[in-house]
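*Asks:* Sequence:
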Amino acid sequence: MNAHSVSALPPQTVVDTDLDTRSWVDSKLTALLMGSGVSPLLATGAGLPLVTWLMWGAVDQRGLVLWAGTTGVFLVFRLYVFWDYQRRFAEAGVQARVAFLRRYGWTWGAAGVLWGMPAGLVMLSGDVDTLFVVGVLVMGHAVLSLITFSVQLRVFQWYTNCLIATVMLSILAPVLVGHPLLIDPSIMVGLSALLMIFWWLLISAGSRMYEVHRANFELQLSNERLITSLQEQKRAALQAVATKNRFLASTAQDLRQPVHALGLYAGWLESDPQMVTDVAPKIVDATRAVNQLFDSLFDLTRIDAGEYKLQWHSVDVGVLLGDVHMQFIDTARAKGVGLRVRHSHGKVWSDPLILSRIV
Numbered sequence: 023m024n025a026h027s028v029s030a031l032p033p034q035t036v037v038d039t040d041l042d043t044r045s046w047v048d049s050k051l052t053a054l055l056m057g058s059g060v061s062p063l064l065a066t067g068a069g070l071p072l073v074t075w076l077m078w079g080a081v082d083q084r085g086l087v088l089w090a091g092t093t094g095v096f097l098v099f100r101l102y103v104f105w106d107y108q109r110r111f112a113e114a115g116v117q118a119r120v121a122f123l124r125r126y127g128w129t130w131g132a133a134g135v136l137w138g139m140p141a142g143l144v145m146l147s148g149d150v151d152t153l154f155v156v157g158v159l160v161m162g163h164a165v166l167s168l169i170t171f172s173v174q175l176r177v178f179q180w181y182t183n184c185l186i187a188t189v190m191l192s193i194l195a196p197v198l199v200g201h202p203l204l205i206d207p208s209i210m211v212g213l214s215a216l217l218m219i220f221w222w223l224l225i226s227a228g229s230r231m232y233e234v235h236r237a238n239f240e241l242q243l244s245n246e247r248l249i250t251s252l253q254e255q256k257r258a259a260l261q262a263v264a265t266k267n268r269f270l271a272s273t274a275q276d277l278r279q280p281v282h283a284l285g286l287y288a289g290w291l292e293s294d295p296q297m298v299t300d301v302a303p304k305i306v307d308a309t310r311a312v313n314q315l316f317d318s319l320f321d322l323t324r325i326d327a328g329e330y331k332l333q334w335h336s337v338d339v340g341v342l343l344g345d346v347h348m349q350f351i352d353t354a355r356a357k358g359v360g361l362r363v364r365h366s367h368g369k370v371w372s373d374p375l376i377l378s379r380i381v
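For the record, in the sequence shown the residue sitting at position 30 is 52 according to the working numbering, with numbers rising by one throughout.
To be clear, the hints were calculated from the coordinates, so they are not data collected in a lab.
Hints may be right or wrong, so weigh each one.
Claimed, not checked - Simulated pairs of lysine-lysine, BS3-like, Cα-Cα distance not exceeding 27 Å:
#, residue 1, residue 2
1, LYS256, LYS357
2, LYS256, LYS266
3, LYS331, LYS266
As the list claims (entries may be wrong) - The calculated label-pair distances, taken between Cβ atoms and stated as ranges, are:
#, residue 1, residue 2, range
4, ASN238, ARG84, 18 to 26 Å
5, ALA112, ILE169, 55 to 63 Å
6, ASN238, ASP106, 25 to 33 Å
7, PRO71, ARG247, 45 to 53 Å
8, ASN238, LYS266, 48 to 56 Å
9, GLU246, ASP307, 52 to 60 Å
10, THR250, LEU101, 21 to 29 Å
11, ILE249, SER366, 18 to 26 Å
12, ILE376, HIS347, 14 to 22 Å
13, SER366, GLU113, 55 to 63 Å
14, ILE249, THR309, 48 to 56 Å
15, ARG247, TYR102, 34 to 42 Å
16, GLN108, PRO71, 22 to 30 Å
17, LEU223, ARG84, 31 to 39 Å
Think of the CB as a built atom: it goes at the ideal place given N, C-alpha and C, for glycine as much as any other residue.
Using the sequences and the accompanying hints, generate a full structural model.
*Replies:* Have a look at this one:
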């Protein structure tokens, strides 16, 4: 392994660990909502003429035309909202997607009101057969909202509450406007009770589905942050290993020089014992250099193993720099560079071994 091993790692996953988790999850849920909402909207638009045809002749035609026209225009506007999201917000940041939902969230509530209005037209006409058609329509939209909108609880609640509340007001419409009751009051009471039960079941199921979606994205964010942390730790570990390997390679290279010098000095003494006066100091310096290099290796091993305890002392900076200079001067000369140390007589309170290793 070498220093180039660090660059071989895969690109780091971009996850802001300081990012607000709720905002991040909300943005993902919004993206899921907008990504799966176009098809149901198109299907609803395709079913609008059929619903109008089924109700034609059974309810007030002017009211039906007004409702169908308004609903059709609003469907086009909602398609524009989805297009605007894909154009400006799909690739935007977290806060932009959250802001988008605040800006256009009302459209789901308005859609719920529009699709609940046919019930009012039927209640004012008294046609029980058409009431059945409208009931199927309302249930279909409610179930569709449970599947499609439950990824965003506020959107689901806006749509469902507005839809069911509008239907409930429609059931009571004859009483509210003073219109003669064309449907048996017992049927109205039964419909109201069933509608309330259906409403409660929808809200309960939607809340549970939303929690499932949210938990999934929170788990995804947690996993991405964990992966990012592990990648950072892996990079740090590889960098540490690469640094240690470079140190060991450099130390091995440095050991060759004083050991080779010791061999030369021993040869001189063997050939001419009279050179002992000149050679002895050089042998001492070479031996000291070897010992210092071995000490560095042992110290590194102890520090890496976590077995070293700090020893606080007053350290003479001049002496420490002098030792470093003596240890590396031969290496500098071998590489053809100069090594100068500006000696200082100052003292610091530190661990001499750790400080020398740092220097």
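*Asks:* When the structure is checked against the list of hints, which entries are broken? Sort them ascending.
*Replies:* As far as the earlier hints go, 1, 4, 5, 8, 10 and 11 are violated by this structure, in ascending order.
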